[in-house]
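Novice: Take the sequences, apply the hints, and build the full model.
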Amino acid sequence: MITLEKSKQNDLENILNQYFEELRNEFDMYLQAIKNIQINEIKGELNISEEEILEI
2 MITLEKSKQN DLENILNQYF EELRNEFDMY LQAIKNIQIN EIKGELNISE EEILEI
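Heads up, the sequence shown is in the numbering used here, so the first residue is 2 and it goes up one at a time.
It should be emphasised that the hints constitute simulated quantities derived from the structure, not laboratory data. All values derive from a computational prediction rather than experimental measurement. Relax, there's no trap hidden among the hints.
Calculated pairs, EDC-like style, for lysine to aspartate or glutamate (alpha carbon to alpha carbon, straight line, at most 20 Å): (1) 36 with 51; (2) 36 with 53; (3) 44 with 56; (4) 36 with 46; (5) 36 with 52; (6) 36 with 56.
Specialist: Take a look at the structure:
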């Protein structure tokens with residue numbers, strides 16, 4: 002088991018939190034892109050507006 006000084010532990014925790022926040026933001030960006038692609042495909046197939054799709 003590795004034991005760290007409290008300040009080093011806090012530094013490591015901050016680095017990991019920042020990494021996970023960036024990872025979450027990237028995931029959200031990809032998820033939104035997938036939703037946009039799906040909406041565009043549905044709009045093209047059904048010839049309806051994005052608002053109508055989001056109501057479904």
